[in-house]
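Visitor: Can you build the whole structure from these sequences, using the hints too?
4 protein chains.
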Amino acid sequence: MGMIGGGPGAFIGPVHRIAAELDREIELVAGAFSSDAGRSRAAAEAYRIDPERGYPDVAAMLEAERARPDGIDFVSVVTPNHNHLASAKAALAAGVPVISDKPMTATLDEARELAAVLGRTPVPYALTFTYTGYPLVREMRERIAAGALGTIRKVVVEYPQGWLAGEAEGKQAEWRVDPARAGAGGCIGDIGVHAFNLAEFVTGLAVTEVLPDLAAVVPGRALDDDCTVLLRFQGGARGVLLASQIEVGELNGLRIRVYGETGGMIWRQESPNAFTWHRLDGTTELVRAGDASLGENATALTRIPGGHPEGYLEAFANLYRDFATVLRGGRAPMLPGLTEGLRSMVFIDTCVRASAEGACWTELTL
Amino acid sequence: MGMIGGGPGAFIGPVHRIAAELDREIELVAGAFSSDAGRSRAAAEAYRIDPERGYPDVAAMLEAERARPDGIDFVSVVTPNHNHLASAKAALAAGVPVISDKPMTATLDEARELAAVLGRTPVPYALTFTYTGYPLVREMRERIAAGALGTIRKVVVEYPQGWLAGEAEGKQAEWRVDPARAGAGGCIGDIGVHAFNLAEFVTGLAVTEVLPDLAAVVPGRALDDDCTVLLRFQGGARGVLLASQIEVGELNGLRIRVYGETGGMIWRQESPNAFTWHRLDGTTELVRAGDASLGENATALTRIPGGHPEGYLEAFANLYRDFATVLRGGRAPMLPGLTEGLRSMVFIDTCVRASAEGACWTELTL
Amino acid sequence: MGMIGGGPGAFIGPVHRIAAELDREIELVAGAFSSDAGRSRAAAEAYRIDPERGYPDVAAMLEAERARPDGIDFVSVVTPNHNHLASAKAALAAGVPVISDKPMTATLDEARELAAVLGRTPVPYALTFTYTGYPLVREMRERIAAGALGTIRKVVVEYPQGWLAGEAEGKQAEWRVDPARAGAGGCIGDIGVHAFNLAEFVTGLAVTEVLPDLAAVVPGRALDDDCTVLLRFQGGARGVLLASQIEVGELNGLRIRVYGETGGMIWRQESPNAFTWHRLDGTTELVRAGDASLGENATALTRIPGGHPEGYLEAFANLYRDFATVLRGGRAPMLPGLTEGLRSMVFIDTCVRASAEGACWTELTL
Amino acid sequence: MGMIGGGPGAFIGPVHRIAAELDREIELVAGAFSSDAGRSRAAAEAYRIDPERGYPDVAAMLEAERARPDGIDFVSVVTPNHNHLASAKAALAAGVPVISDKPMTATLDEARELAAVLGRTPVPYALTFTYTGYPLVREMRERIAAGALGTIRKVVVEYPQGWLAGEAEGKQAEWRVDPARAGAGGCIGDIGVHAFNLAEFVTGLAVTEVLPDLAAVVPGRALDDDCTVLLRFQGGARGVLLASQIEVGELNGLRIRVYGETGGMIWRQESPNAFTWHRLDGTTELVRAGDASLGENATALTRIPGGHPEGYLEAFANLYRDFATVLRGGRAPMLPGLTEGLRSMVFIDTCVRASAEGACWTELTL
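Residue numbers (the UniProt record's numbering), protein chains in the order written: chain A, 1 to 366; chain B, 1 to 366; chain C, 1 to 366; chain D, 1 to 366.
Hints listed in this document are in silico derivations from the structure and should not be mistaken for laboratory results.
Computed from a predicted model, the values in this text were never measured in an experiment.
The reader is advised that the hints may include incorrect statements.
[Said to hold, decoys possible] Cβ pair distances, simulated, as ranges: (1) 51/C - 68/B: 18 to 26 angstroms; (2) 173/A - 360/B: 28 to 36 angstroms; (3) 236/B - 339/A: 33 to 41 angstroms; (4) 113/A - 357/B: 38 to 46 angstroms.
[As the list claims (entries may be wrong)] Heads up, incomplete: computed chain A residues facing chain C, CB under 10 angstroms, no partners named: (5) 276; (6) 286; (7) 294; (8) 295.
Quick reminder that beta carbons are idealized off the backbone N, C-alpha and C, glycines included.
Guide: Take a look at the structure:
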């Protein structure tokens, strides 16, 4: 694996590295970690890889690695959003598979451009919508698809955070509140889109209409930091998406509740190894990692016995495990890619535009 | 106390009786429990009061009780919504104080009529917005008023239930889904209005605008059973109100989260004797009933040592304790009355109308 | 009902009054609230009953009330432990039924004396082991009796408190650390005995042997304030009982876990309206108040719909409801009385003596 | 790193591999994974390392690796308990550092033999008492050492599991119930010892006396599967240790509660990224991963922002990170080693012997 981005001070680069390598199917061996040649070499050293393979730019990495017998097999894109498109295009043009951090690109136009590229190439492309990697999330999806809740009527998905309630300080905060680097969406693009993706993933239903209420609450901020979006799903199910970065004290409280005609299910990322399943007859089951009742998929993705907590890094690693399966020619039907990426960009774009216009219900048009 | 409504099969009548009598300041001695004379007498017997004082109608009760030296001092109105207005008016006209179950009346027009009556009389009138009786809810209100969270930015208030996810069976369910008895609002009037009231109570801020998304999800239902309402508060704080009666497995999960510039607070009715207080510096305090740090108000309303759970009946009793204070000539500034009642009726009416019209943001106009 | 004890500053007197009256089957009309005549009259006034019926001693109350057509039907004993025996004997001798706060008496010798009295009279006698009044506790008992867990193997019952971690201040604390008023047991008699009773109640099994480890942790204290007791139950099940009053921050965290060959159940008083039921096949059910799956007993004892929290006062009231049933000639098989009282006194006495002697396993001998 | 044990079907081998490699300071390159040559090669292939470096025995590995310029720098011992001694001795004799799964050895005699060896060599030796690697556990230790709770009075440490409630099936279960492979202790050696180690680690106090109550509850089992041990710590603090493998439904619920004169702290492995801190003044703080108030140690050991759950693998990796620090010549004062290993063996041995003899309080003698 070659990494694009992930240099000094990055949060998500080391996360991708750990996730990729957790199952020993993948090894980080090169990177264009920074556009500054010296910093990229330094990053290579920090990752304990050959400093020669810390390249100053993507083109240099692709060219040099192609020439090596032990060159990289794919790239992982972990830059700020505004470099996602160029990075992915360069790799795809060279025939190198891409796994990219979300969102797909900084803008919808860019996403459409990338989609066009992907439409013309068979080279694999995947997106790390991390939360779809949790075994219990996948179990929910499978049970819901199998009819555990009957027809879906209502979805409430929330992603509360509080870390941007004060001034945005530090490298991680700064680019997220800067339209030039983050794109048109702030909170909606950073975490709202995770909630959107999770809702579609778990229910198997597409969102067809949105009514967004976005705002920049902290004075002087250019991008939204607090979002509520009313949802309609295909088939008529109703939904609400709440995402915020100004809710003081909230850490990373992604959670989803899905209700159908005959049952309800509730999952929370802060306690990710279980979900609650309510049935219309009044009984409630607590489904836990390691339970014999879990399907093959969830069982295969659980590395240690139930009760030993597995978390975010393991969920992330499950996406890389899927990607390795794809690279070996296998199938990984739950791995997010072009479709999920484009849908999420349409979601961000529609929410930002409709909210700016004060529009009411607005269709999501791919 | 004389009760109006609360006859055989009623849920809320016995609750009011227990709540009223819990502190031994009030005793149920009479009632117009049913419009059927026999059933009213039977109800009196079931409550173990003199069957003679089980009257066939309100007028009879008011007249007979007035003639007794030990006659009632006030009435408690616990009928279905469509009888709230007539009951309250009759009592007030006779100079008898009224404590009424919410909502104030079945329709906004009726509420305005009752408000006009109340404007012309000094007779006390109160409304049992039950959840404002929880000691920890009052503690939150006081701390927020004292600046514990700084300027309020965001409020999320939820009232999920699931008991109307199937067919509406039983006396309790049937009148709630019948516009003739419940009024124009279904879920929004039954529980959404509790959430609305709680949000205004805790924050001390008035809601100024709403964007309602109401629906009757269960096929064939005439009234809404699932509601989302976007909110704006005076001063600009943003909010979301979620109420539903079709979320399978949810019992009575009223909860509220309030976030300001410098902190956040979270309270849940299903664990009512504590709330969480997050501060901007990253620390989190768990505030519990019985803590020495609690204010006088919360301490006075707690009957037993911390850790012995107090619940819904005790919260309800706190409202009756307040009402008894008022009847004795004292002050009970947190007891809901005309203002809260009228605001809540405007809220219901605006949500129902605006949602029917597909309107977007709509002002709450008193 | 006439009350013995429960005068000014008492905690448990008002609790008994509320519990007794909650269902309107019982009314407090008299009391020997204090051995000081003036204070007893004052207490009567505070309870809003006729001051004439605030008597200076038990004998006076029994005599005067017997002479009244509306005299008391039974007494409730809520004094500190050292007056339990005399109070109960006086009432029983007058043919007046007794419901008493636990423990039965201050010492085992006294308990045997009372047992002898009870053996010679048909007058009803009951003990308020409060926690057996929780609907979900009774549901556990019934399900376990019906075989839900198979043969019981292990019981862990805990009652952590922290309020005596510092100096014992206030009326409630002072008598509990004074052997002359509390009896030989401190923590073991105040709360350990509740845990003991709960364990026997829920499992339906008698404790046959104990290995107690009691200590007075706070310097200068004469009675134990921290207790661990290893248990053996009839049939061989193993157990552990933990009770403490010096665990800073613990409020009233009574909880019990029961494990058998085919399942486990967990209940916590701080969240009393649910328990968890684990099955050997790996599934876990959350059983909640209001569930349709609950038995008749638990359903009958639940006053309000599921999700509206019911707590300690309602559990306490369920014992008085049972007692009223007995007074009317009915049966209340779950209501604790002589047997439970005597067993608990043997438990306290054995633990205190064996611990003082440094004994190891010691039989409970009735 | 070279691994000893960890071949096909092993649970803990892959866990050590992931933990060791998580921070990219260590790489698994060789192993004596099985005493069967073919299986050892196969295991090497499964781990994706050179099959040549899958050796049939420890001696062969040590010799061959010593001859390589890129040979192993240390070994990780992950065999069943009865091979811990021989494996560690062989490596130490060759001057190769050892990190070993717990317990130190199968018996106390073996542990004393290993201690003697370690007393004569400066070669590093560490033991993976995993739970000491949790950042919040270390934070508790530091705060307690700094006086956050005052003098410690009481410790309750529990490790409930249920997976051996039925027949012991599967490779993991079988050796644990076999004295020849597990040693004299069953549950006490497998998980009780973790609880013991955690209690000493968090409090900084040594256990001086024990009163063990061990039993083999499942019929036909040779080793204990359910343990309660009363504890005394230096300075007089009282304690209770509960460990069980027959509590149906319990997964891996290690938890510890520590109470001192001025406060209490509670941590649970099933929610490892937070602990509760009660203070004598009645306030309660919830301390969470990522809080600014955390010390350097806990902060350094947290890889991702607060709210993204970290779990067991990350805690395990923290021990390997410490070990890498030691190998580079640095200090890792919290890393368990000889002292903790020997103490834990004395604990197991004393509990097994004293329980078999029906002894009461028994000193822990090193």
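Visitor: Confirm or reject each hint.
Guide: Evaluation of the provided hints:
{"no.": "1", "hint": "51/C - 68/B: 18 to 26 angstroms", "verdict": "holds (24 angstroms)"}
{"no.": "2", "hint": "173/A - 360/B: 28 to 36 angstroms", "verdict": "holds (32 angstroms)"}
{"no.": "3", "hint": "236/B - 339/A: 33 to 41 angstroms", "verdict": "holds (39 angstroms)"}
{"no.": "4", "hint": "113/A - 357/B: 38 to 46 angstroms", "verdict": "holds (40 angstroms)"}
{"no.": "5", "hint": "276", "verdict": "holds (7 angstroms)"}
{"no.": "6", "hint": "286", "verdict": "holds (4 angstroms)"}
{"no.": "7", "hint": "294", "verdict": "holds (9 angstroms)"}
{"no.": "8", "hint": "295", "verdict": "violated (13 angstroms)"}
Of the numbered hints stated above, the single one contradicted by the structure is hint 8.
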